[in-house]
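**Q** Given only the sequences and the hints, what does the whole structure look like? Please build it.
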Amino acid sequence: MNLNPQGGVANRERGPNAGVDVSKAHLDACWGVEHLRVTNDAMGWDALVARFKAANVDLIALEATGGYERGVVAALQGAGFDVARLNARQARDFAKSLGMLAKTDQVDARALRDFADVLARHKDRHKFITPAPDPQREQLNALMIRRRQLVNIRVEEGNRLDTAHRLLDLDPTDEVAHRALGCSGVTRTDFIVTGAGEPYILEVNTLPGMTATSLVPKIAAGNGISFADLCERLLEGAALKA
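Heads up: the sequence shown runs through residues 8 to 249, numbered per my numbering.
Among these hints, one or two may not hold up.
In the DSSO-like style, the derived pairs of lysine-lysine whose C-alpha atoms are separated by at most 30 Å in a straight line are [to be verified]:
#: 1; residue 1: Lys110; residue 2: Lys225
#: 2; residue 1: Lys60; residue 2: Lys134
#: 3; residue 1: Lys134; residue 2: Lys31
#: 4; residue 1: Lys110; residue 2: Lys134
#: 5; residue 1: Lys60; residue 2: Lys31
#: 6; residue 1: Lys31; residue 2: Lys103
#: 7; residue 1: Lys60; residue 2: Lys110
#: 8; residue 1: Lys103; residue 2: Lys134
#: 9; residue 1: Lys130; residue 2: Lys103
#: 10; residue 1: Lys110; residue 2: Lys31
Derived DEER-like restraints, expressed as beta-carbon distance ranges [said to hold, decoys possible]:
#: 11; residue 1: Met151; residue 2: Ala219; range: 41 to 49 Å
#: 12; residue 1: Ala203; residue 2: Asp53; range: 43 to 51 Å
#: 13; residue 1: Val162; residue 2: Gln97; range: 25 to 33 Å
#: 14; residue 1: Gly244; residue 2: Gly74; range: 51 to 59 Å
Please keep in mind that the hints were generated in silico from the structure rather than gathered at the bench. Please read all numbers here as calculations on a predicted model, not as lab measurements. Virtual Cβ for every residue (Gly too), placed ideally from N, Cα, C.
**A** In structure tokens, the structure reads:
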């Protein structure tokens, strides 16, 4: 029986360790000298599991990325792999210690592979392994995160609504500026609003955009006036002044 330096029974010869850089759309994996990019979905997870099994990968390190890693972590753990999910600071500090200052997906995957090599040999390796999640706890955690997001959205929309209420008061000012300058036809008035909600006129544009995608035609369309009808009305108004 062979003993390791810590006095335990030596493990069987282990395969290479791997690093996986996670993004919303894809996964970049590195083990040994191999690199692989797959989509971050069930098809990509299956492909990654198959390649890792063929290479007899031992420990896989990846970075927590706002939940985008959950699917691949579950797939790898379900296939029997040890996975170490690291926080962003740990991964970044380790890469800096190796002099890896460039920031690309492949570089990040290599740094995570090297991190996995260190963790795999660590005497407290088991402390870094991410335990398989309890499905009910994971669902509850996801619901709590979503609730916080919705609460934040509600606060943000309330702030926007307050601003919108103040902006509704700009219409009379727009008309006053139009008439005071003796304008006719269509004009566009640009404002700036202070933090206290006070509007200041920047300019009155007497020749606003008149393409089919410009603001004036869009405003007209919102009032049931087609682009062709708008042009006809403007021409009729100009003819009356001639």
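**Q** When you check the alpha-carbon spacing of Lys110 and Lys225, does it fall within 30 Å?
**A** Violated: Lys110 and Lys225 sit about 43 Å apart, past 30 Å.
**Q** Does Lys134 lie within 30 Å of Lys103 when you go C-alpha to C-alpha?
**A** holds (23 Å)
**Q** Is the Cα-Cα distance between Lys31 and Lys103 30 Å or less?
**A** holds (24 Å)
**Q** Straight-line Cα separation of Lys60 and Lys134 no greater than 30 Å?
**A** holds (23 Å)
**Q** Using the C-beta atoms of Met151 and Ala219, is the stated range 41 to 49 Å upheld?
**A** Since Met151 and Ala219 have Cβ atoms about 47 Å apart, the given range 41 to 49 Å holds.
**Q** Check whether the Cα positions of Lys60 and Lys110 lie no farther apart than 30 Å.
**A** With Cα atoms ~28 Å apart, Lys60 and Lys110 stay inside 30 Å; holds.
**Q** So if I understand the rule, the pair passes when the alpha-carbon distance is 30 Å or less; does Lys110 with Lys134 pass?
**A** With a Cα-Cα distance of about 28 Å, the restraint between Lys110 and Lys134 holds, given a limit of 30 Å.
**Q** Within 25 to 33 Å: is that where the Cβ-Cβ distance between Val162 and Gln97 falls?
**A** Holds: the Cβ-Cβ distance is about 32 Å, inside 25 to 33 Å.
**Q** I want to verify a distance hint. Is the separation of the beta carbons of Ala203 and Asp53 within 43 to 51 Å?
**A** violated (57 Å)
**Q** For the pair supplied as a hint, Lys60 and Lys31, is the alpha-carbon distance within the 30 Å limit?
**A** holds (24 Å)
**Q** Holds or violated: 51 to 59 Å for the Cβ distance of Gly244 and Gly74?
**A** holds (57 Å)
**Q** Is Lys130 close enough to Lys103, meaning Cα to Cα at most 30 Å?
**A** Answer holds: Lys130 to Lys103 is near 23 Å, not above 30 Å.
In the structure shown, a violation is registered for the earlier hints numbered 1, 12, in ascending order.
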